[in-house]
Amino acid sequence: MRPTKIIVLLLCLFSLTSFAQEKFTLSGVVTDGESGETLIGATVFVTEIAAGTTTNEYGFYSISLPANQPLKVEFSYVGFQNTTKEISLSGNETLDLGLGTGVALDEVVVKANSFQEQLRSTEMSVESITTKEVKTLPSVLGETDILKVIQLKPGIPSGGEGTTGLYVRGGGQDQNLIVLDEAVVYNPNHLFGFFSTFNTDAVKDLKLYKGGFPPQYGGRLSSVIDVKLKEGNNKRFSGAGGLGIISSRLTLEGPIEKDKSSFIVSGRRTYFDLITRQVNKANEDVEDNQPIPDYFFYDLNTKINFKLGQKDHLYLSGYFGRDQFGFDNETFNFGFNWGNVTSTARWNHQFNPKLFSNTTVTFSDYRYKISNEIVGFSFNLDSKIRDVNLKTDFYQNLNSKNTLRYGASVTYHEFTVGRLKAGSDDGEISFSGGNEYDGMEYGIYLSDDWEASSRLKVNGGLRLSGFSNDGTFYYGLEPRVAANYKMTNNFSLKGSYARMNQYVHLVSNSGLSLPTDVWYPSTKLVEPQTSDQVAVGGSVLFEMLGTELFFTNEYFYKWLDKQIDFIDGAELFANDELEQEFVFGDGWSYGGEFSIEKRTGDLTGWIGYTYSKIRRGNFFGPKGDVMEGRYFAPRYDRRHDISVVAMYKINERFRAGATWVYGSGDLSWLPGGRFTFQDVPGAEFQAVVPSYGDRNTFRLPAFHRLDLNLIVKLGLKKKRENPNRRWESDLTLSVINAYDRRNAFFIFLDVEFSEGMDDGGNIIELPSGVAAKQVSLFPILPALTYNFKF
Amino acid sequence: MKIQYIFPILFLVSILASCNLTQDVEIDLPDYDRQPVVECYLEPGQPYQLLLTRSFGFFAPFDTSDGQFLENVIETGATITIRHDNKTITLEEGMVFNPFTFKVFNYGSSEIVPEDFDNEFELDIVLADGETITGKTTIPVKVPLDSVVIEFESDAATDTMARALTYFTDPDPSIENRFRRQFHWNSLIDSMPQQDFLATDQFAENGRIVFGTGFDYPVGDTIYNTVFNLNRDYSDFLESVVISIQSNGNPFGQPAAIDSNLGGTADALGIFTGLSYSREMTIIEK
Numbered sequence: 001m002r003p004t005k006i007i008v009l010l011l012c013l014f015s016l017t018s019f020a021q022e023k024f025t026l027s028g029v030v031t032d033g034e035s036g037e038t039l040i041g042a043t044v045f046v047t048e049i050a051a052g053t054t055t056n057e058y059g060f061y062s063i064s065l066p067a068n069q070p071l072k073v074e075f076s077y078v079g080f081q082n083t084t085k086e087i088s089l090s091g092n093e094t095l096d097l098g099l100g101t102g103v104a105l106d107e108v109v110v111k112a113n114s115f116q117e118q119l120r121s122t123e124m125s126v127e128s129i130t131t132k133e134v135k136t137l138p139s140v141l142g143e144t145d146i147l148k149v150i151q152l153k154p155g156i157p158s159g160g161e162g163t164t165g166l167y168v169r170g171g172g173q174d175q176n177l178i179v180l181d182e183a184v185v186y187n188p189n190h191l192f193g194f195f196s197t198f199n200t201d202a203v204k205d206l207k208l209y210k211g212g213f214p215p216q217y218g219g220r221l222s223s224v225i226d227v228k229l230k231e232g233n234n235k236r237f238s239g240a241g242g243l244g245i246i247s248s249r250l251t252l253e254g255p256i257e258k259d260k261s262s263f264i265v266s267g268r269r270t271y272f273d274l275i276t277r278q279v280n281k282a283n284e285d286v287e288d289n290q291p292i293p294d295y296f297f298y299d300l301n302t303k304i305n306f307k308l309g310q311k312d313h314l315y316l317s318g319y320f321g322r323d324q325f326g327f328d329n330e331t332f333n334f335g336f337n338w339g340n341v342t343s344t345a346r347w348n349h350q351f352n353p354k355l356f357s358n359t360t361v362t363f364s365d366y367r368y369k370i371s372n373e374i375v376g377f378s379f380n381l382d383s384k385i386r387d388v389n390l391k392t393d394f395y396q397n398l399n400s401k402n403t404l405r406y407g408a409s410v411t412y413h414e415f416t417v418g419r420l421k422a423g424s425d426d427g428e429i430s431f432s433g434g435n436e437y438d439g440m441e442y443g444i445y446l447s448d449d450w451e452a453s454s455r456l457k458v459n460g461g462l463r464l465s466g467f468s469n470d471g472t473f474y475y476g477l478e479p480r481v482a483a484n485y486k487m488t489n490n491f492s493l494k495g496s497y498a499r500m501n502q503y504v505h506l507v508s509n510s511g512l513s514l515p516t517d518v519w520y521p522s523t524k525l526v527e528p529q530t531s532d533q534v535a536v537g538g539s540v541l542f543e544m545l546g547t548e549l550f551f552t553n554e555y556f557y558k559w560l561d562k563q564i565d566f567i568d569g570a571e572l573f574a575n576d577e578l579e580q581e582f583v584f585g586d587g588w589s590y591g592g593e594f595s596i597e598k599r600t601g602d603l604t605g606w607i608g609y610t611y612s613k614i615r616r617g618n619f620f621g622p623k624g625d626v627m628e629g630r631y632f633a634p635r636y637d638r639r640h641d642i643s644v645v646a647m648y649k650i651n652e653r654f655r656a657g658a659t660w661v662y663g664s665g666d667l668s669w670l671p672g673g674r675f676t677f678q679d680v681p682g683a684e685f686q687a688v689v690p691s692y693g694d695r696n697t698f699r700l701p702a703f704h705r706l707d708l709n710l711i712v713k714l715g716l717k718k719k720r721e722n723p724n725r726r727w728e729s730d731l732t733l734s735v736i737n738a739y740d741r742r743n744a745f746f747i748f749l750d751v752e753f754s755e756g757m758d759d760g761g762n763i764i765e766l767p768s769g770v771a772a773k774q775v776s777l778f779p780i781l782p783a784l785t786y787n788f789k790f
Numbered sequence: 001m002k003i004q005y006i007f008p009i010l011f012l013v014s015i016l017a018s019c020n021l022t023q024d025v026e027i028d029l030p031d032y033d034r035q036p037v038v039e040c041y042l043e044p045g046q047p048y049q050l051l052l053t054r055s056f057g058f059f060a061p062f063d064t065s066d067g068q069f070l071e072n073v074i075e076t077g078a079t080i081t082i083r084h085d086n087k088t089i090t091l092e093e094g095m096v097f098n099p100f101t102f103k104v105f106n107y108g109s110s111e112i113v114p115e116d117f118d119n120e121f122e123l124d125i126v127l128a129d130g131e132t133i134t135g136k137t138t139i140p141v142k143v144p145l146d147s148v149v150i151e152f153e154s155d156a157a158t159d160t161m162a163r164a165l166t167y168f169t170d171p172d173p174s175i176e177n178r179f180r181r182q183f184h185w186n187s188l189i190d191s192m193p194q195q196d197f198l199a200t201d202q203f204a205e206n207g208r209i210v211f212g213t214g215f216d217y218p219v220g221d222t223i224y225n226t227v228f229n230l231n232r233d234y235s236d237f238l239e240s241v242v243i244s245i246q247s248n249g250n251p252f253g254q255p256a257a258i259d260s261n262l263g264g265t266a267d268a269l270g271i272f273t274g275l276s277y278s279r280e281m282t283i284i285e286k
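Heads up: the sequence lines are chains A and B, in that order. Just so we're aligned, residue 1 is where the first sequence starts under our numbering, counting upward by one. Just so we're aligned, residue 1 is where the second sequence starts under our numbering, counting upward by one.
Hints listed in this document are in silico derivations from the structure and should not be mistaken for laboratory results. All of these numbers come straight from a predicted model, not from anything done at the bench. Hints are all accurate, no fakes.
Covered stretches of chain B (chain A as the covering partner; in silico rule of three or more C-beta atoms under 8 Å from a C-beta of chain A):
1. 32 to 44
2. 47 to 56
3. 235 to 243
4. 250 to 258
Where a beta carbon is used, it is the ideal one built from N, C-alpha and C, also for glycine.
With the hints as extra help, turn the sequences into a complete structure.
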């Protein structure tokens with residue numbers, strides 16, 4: 001069938017449904033009644049006609065309802081009191097609503113509704129987390145981290161002990177699209193991945209897509225992590241903060257003009273450096289003292305928004321974060337810093353009750369810089385990626401059965417790869433290197449959320465993406481489809497298919513993530529990566545022992561093509577012909593994910609289990625191959641992954657959280673053999689050289705860890721005496737690795753030496769044996785944090 | 001127990017427990033087939049010499065009870081020949097220890113490697129078990145040092161610390177050339193090199209390459225500057241050796257299989273290469 005015929009047929013279908021009965025549109029924005037924050041994904045449901053919708057990421061909803069019929073419209077959102085409005089539409093109407101925080105009884109209803117919404121929605125393979133959950137769960141050194149908590153959900157194994165690297169459904173760590181207020185964050189890590197760049201106090205919402213990607217997203221193969229910052233309280237001035245053992249943070253927010261505009265500023269800084277400087281000072285006179293390098297990181301989030309009348313809203317937001325590492329002494333001065341800058345200007349416009357648009361301009365910049373000065377000689381190396389993006393999205397409530405979403409996006413990328421400048425101060429020695437590239441990335445999409453029947457909902461769409469760089473142009477069609485069939489009120493089946501293209505690539509070795517990993521564009525040699533993912537699953541809402549539980553299971557299979565790896569011994573640092581080191585191959589992964597969740601009562605939480613298998617191979621490139629093209633398991637091929645998460649409200653004063661995780665050990669590439677190598681005259685004698693065979697043939701011991709958290713609310717008595725008191729505070733005690741399990745961070749093989757005697761009777765050191773050494777990262781690790789808000 | 005006491009006690013317990021994050025563990029590595037290992041450097045003016053050993057599984061015990069560690073790993077009973085310019089040189093089995101270079105070879109010949117930068121050298125080894133090892137190489141041309149310049153930060157008499165700038169010319173800017181730089185202070189052989197690294201002509205400026213040091217060397221001391229011109233095979237092999245050593249114990253590193261340039265049926269590791277270098281000794285004077 002020709003495309004024009006399909007379009008005509010679709011329009012006819014839409015028309016049939018839309019002219020069946022006279023209808024009007026109810027639209028508006030749902031907000032938190034106390035702060036004015038828009039609520040994302042709030043449910044709007046009309047019982048009489050069993051129809052509903054949810055607010056979009058800007059809090060906007062639009063629903064077509066029968067004319068002149070008394071209807072009860074129920075608005076609900078997790079953690080807020082349900083509100084029901086009685087209406088009878090004689091024309092299009094706008095209803096903006098502020099929801100109040102829930103009392104205990106309503107909370108049960110609201111949370112049950114959120115399960116119902118999951119059963120109804122076509123979205124699958126989606127995980128979300130609330131900041132309340134993040135704050136209740138244990139955190140390393142008291143630093144709450146939303147990216148680490150999301151890794152407790154099934155299908156999102158972490159990159160290993162302590163890291164925020166994400167390997168979603170067998171994807172690599174560069175295959176995650178991470179956006180903060182729609183601006184791409186290229187490196188979401190602080191301190192080599194031990195902490196993420198997201199300051200929980202400033203985050204409003206995080207949603208992670210593992211599959212079934214909606215067509216508005218593109219550019220990465222394996223996941224989309226969409227983080228939205230708070231907008232700022234437009235009712236009253238308020239603040240929140242915390243004092244921890246390694247960092248402090250403060251967030252201030254308030255109205256610029258009440259109910260019309262607001263601001264939020266949120267910052268945090270670690271103070272390792274203040275502590276280590278004192279330690280260094282105290283050890284100044286100690287012989288052979290090795291000073292501890294300076295290290296700290298900081299983040300700053302800002303946002304302001306203005307309501308420009310009833311139909312327009314303007315948001316301006318920015319993020320600035322840096323990690324600073326430095327080491328100075330008499331002979332050299334070493335500095336290493338890296339970080340992201342993002343900024344977003346967003347304009348929401350409501351054309352009419354059925355059509356809403358969002359136009360965004362974003363700027364993203366990630367860079368690192370290494371500099372070193374040794375007497376008379378200096379060395380500077382830096383890389384960066386910088387984007388400017390313009391996109392516009394339209395949401396159109398076409399009729400009661402169809403909601404369209406369409407839009408376009410264009411991004412200008414600028415890459416600086418390994419820019420090196422080194423030489424002596426007098427110019428006698430001077431060398432430089434590095435490359436600069438640019439590229440344009442394009443995307444247009446159309447999708448329709450179609451309620452085919454009371455049981456069947458389908459979201460179908462198509463994205464056309466492209467990339468141009470130096471005369472090379474790539475494009476790809478990316479069909480996306482997701483369907484939900486509601487078998488009963490409490491049981492639904494879902495399925496999805498998504499094709500994704502990725503045009504920019506992270507140059508990273510198979511070791512742990514480093515800030516020096518650089519982004520590289522698609523070129524004539526480097527073709528775009530592609531993936532196809534199929535997922536099916538089901539969800540059941542059921543009661544057991546009087547408790548409502550939500551069971552979800554999903555099965556996926558993912559094909560990956562044009563995957564990028566490196567030849568053995570690749571030179572990734574300051575290499576002007578970096579892509580010559582690349583090899584290109586394919587891969588696949590499959591698995592099953594199961595979770596059971598409880599959201600009501602004093603005890604809440606979930607249990608998740610993931611089974612998966614991952615392979616990569618067929619790698620060939622200009623300079624050679626990897627393992628003659630044979631397939632191998634990547635380091636993060638973790639067969640079993642279990643997480644148990646519990647949050648318990650003991651009483652008004654105490655709240656506890658616990659997580660237990662178990663994972664099959666990661667794979668490691670260890671040397672199978674060793675040989676003696678003496679080298680040429682004048683070289684340092686290398687007695688033992690490890691000989692590495694096939695990649696990743698050794699599995700580390702299984703990983704498991706119990707983390708605990710206890711929150712003690714302070715000042716409850718004063719609050720009881722004065723209910724209007726705004727100051728609230730708590731002490732949070734986190735204990736990471738409560739039973740002191742020594743999990744393997746990595747393993748290495750160590751040659752041990754003992755004293756022997758040569759022919760001349762001289763004492764010499766000879767190799768005497770080999771031991772496997774395991775390095776762990778965390779012993780039992782408690783942290784105490786004082787948190788407050790007003 | 002009151003809650004205010006729980007925090008400090010837990011904190012104290014954890015501090016005590018936070019030691020010893022590296023521990024010995026028992027692991028089973030996949031089966032490993034031992035491989036022959038060849039090291040043979042053809043240096044003009046020096047005799048043909050070759051070290052033939054065999055690799056071990058990483059956990060195999062070191063037998064150092066008799067103090068002759070090397071003899072426990074050498075491979076005996078092999079027939080080794082090197083063909084060059086229609087001439088076949090047989091390397092006889094026998095341990096040779098050079099007390100000046102601290103190097104050991106277990107096969108050698110009294111024949112001297114000629115200064116021939118054009119014709120190929122071909123290695124043939126037949127091991128005692130009949131397996132074979134083959135290799136081919138040439139001797140790269142020597143790259144002369146243009147100059148070694150000694151400089152001081154100032155002309156003041158009290159300024160006695162110098163640096164050395166070593167200049168040489170890229171022999172062929174149209175292709176990628178690879179070098180190995182060594183810098184020794186005071187002694188050439190029995191001290192660790194102060195600098196020993198691989199480089200390419202990527203950083204040549206107007207065809208000239210310069211290596212430098214800091215102002216670290218006092219008047220009166222002796223320094224040795226060496227620049228090897230490397231065959232690509234040898235450079236790749238050395239790089240893979242360095243990466244293998246550095247990757248073991250480094251969670252951020254990516255290991256590499258040893259990039260040998262040997263053929264034959266024995267699946268051997270190692271290198272057969274011509275060796276060519278320029279070296280200059282300088283006594284620092286002001």
